[in-house]
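Protein chains: 2
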Amino acid sequence: MIPGEVIAKDGANGAECAGQEVAVIGLGSMGIGMAASLARAGAVVSGFDPQPAATARLKAFGGLPAAAPAAAASGKRVVVSVVVNADQTEDVLFGPDGCAAAMAEGGVFISCATMAPERARALSGRLEQMGKLFLDAPISGGSKRAAEGALTVLASGAPEAFERAAPALEAMAATLYRLGDAPGQAAAFKMVNQLLAGVHIAAASEAITFASREGLDLAKVYEVISKSAGNSWMFENRIPHVLEGDYTPHSAVSIFVKDLGIVMDMARSRSFPVPMAGAALQMFLMTAAAGMAADDDASVARLYAQVADLALPGMAR
Amino acid sequence: MIPGEVIAKDGANGAECAGQEVAVIGLGSMGIGMAASLARAGAVVSGFDPQPAATARLKAFGGLPAAAPAAAASGKRVVVSVVVNADQTEDVLFGPDGCAAAMAEGGVFISCATMAPERARALSGRLEQMGKLFLDAPISGGSKRAAEGALTVLASGAPEAFERAAPALEAMAATLYRLGDAPGQAAAFKMVNQLLAGVHIAAASEAITFASREGLDLAKVYEVISKSAGNSWMFENRIPHVLEGDYTPHSAVSIFVKDLGIVMDMARSRSFPVPMAGAALQMFLMTAAAGMAADDDASVARLYAQVADLALPGMAR
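The listed protein sequences correspond, in order, to chains W and E. Just remember that our numbering sits 86 ahead of the position in the first sequence, which is counted from 1. Just remember that our numbering sits 86 ahead of the position in the second sequence, which is counted from 1.
A pair holds if it fits inside one copy or across any two, identical chains being indistinguishable in the list.
Derived pair list, reagent style SDA-like, types lysine to any residue, alpha-carbon separation capped at 25 Å:
1) K313 / G228
2) K306 / P359
3) K145 / G161
4) K313 / G347
5) K306 / A260
6) K230 / S312
7) K306 / D395
Source of the hints: derived by calculation from the structure; they are not laboratory data. No experiment lies behind these values; they were computed from the predicted model shown.
So that you can see chain W by itself, here it is in the shape it has in the complex (with noise of 0.2 Å):
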């Protein structure tokens, strides 16, 4: 049994962190809403992000730009990574101007990214070695909830990698699972999310153009279906997408390219069969392929389309 436990907050932020330094590393959609809500919480907040529009967006709310991981880190009791993989997180922590030397004796680096628990592992590992904490992080919610403090994080970790990271753990989200004491079981938990939510992506485009297909009243169709057993979280999230023809990136598909890579390279491992995330990939890699991976990643729906000479809302037939 692992222990766990839901810390539902009130919905206000309050002044836990005041008076805290806290480094954020990578300042996307996400990364600069989760260092607004930390300096709402009174953080002093210092980022880095390598593109350099990211610096204007952090000095808005009094955000501290620095020129590298190291520098945003540098004697940091807390420090938040919000880049995109394992890689870019090994290379925040250990490569030149890393974190991972820089940051506090004792310190907690709070990592974010989605990856394969064996790496969150890893990275931990080697962190822990040099005196200082890694909480495998991983977080779900977009960059609306980032920006109210309002993040789903799933966490595991060790109890005083909790305990340090708390009070900006509390200014970022509005629901903390607290899933083991190990790095890499919220990186597992996460994982088993992505197969099913990049499942059903691919399954509800393939579902509303086949109902295009048949002839049917999309509207009615998202109206009925979102009512009925046929209904997941991504239908009836990703659908209005289709519906209105607006494929302006919330999540990219590069993203389940990404994500259900890494299910079916740790299924692989573990010589455990995952033929609907399988298929799934094979759905969000022909979106890629033809040209839209940087695209929402409801433009599956449009690839079904462009392949079976359909007309969605807002596509050139």
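Dock chain E against the given chain W, drawing on the hints supplied.
Structure of chain E alone, referenced to chain W:
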């Protein structure tokens, strides 16, 4: 644009069918509950089922057993057919002792089986040539809601068919989606739902056994995922069967072998690719082939577990 409306009842069964004679053909777990709901609403219910055990259940609430579909439907203006598929429906209508000739001139045949749209259209066409009405009316909600008169009915057909069927529909359903004025439209909506439902059961089964392979606490996985973006109606509804090791068939594996087969046939006939439905169908076929065709559809999880030598709750290794 297909005309559509939702009619929600207040939930309390009234006397919608007071004194009306209604025949119900097919008294399985769904049909018997629907017959009981009709009787509760004041209908005089005659019923037929080839299984002798159904007779006693029908008599328990004052229903009148008949020896054949024709005998049950003789002279009736409303006949409800709650059989498994298109072939059985065709037999109920046009087979020896079928309802088509026996029912009243201008009466309505409410067809609840899940079937391909073209089959619904063909059956409707034959019946209309005999001066009788056909309502394409697939149902969902399970046996408990059938018994409560609280089903969801997806329906399409001529306005007169709806008008004649209205009291019976009100007695049996909590929600009626009126999806068009031609038989086959409701069938197509139902197949879109079944595509998603089938994929989601297979995905839920894959994900929970993948989580088991990763050594995660499955009750915790259920708790986290059912509140996360990876959730689906089916994950939330079926995974408790897995956690309890209870495969008593609420809905059998064979149902999705059938329904995903219909989806595949429909899609192929329109040259439309459905790889997600295809992968799911293979998982249901493997589960059926492994001897679990008549067990609950969450048995797909047992198939994954057997293949990977995992012990889910209630399973001998």
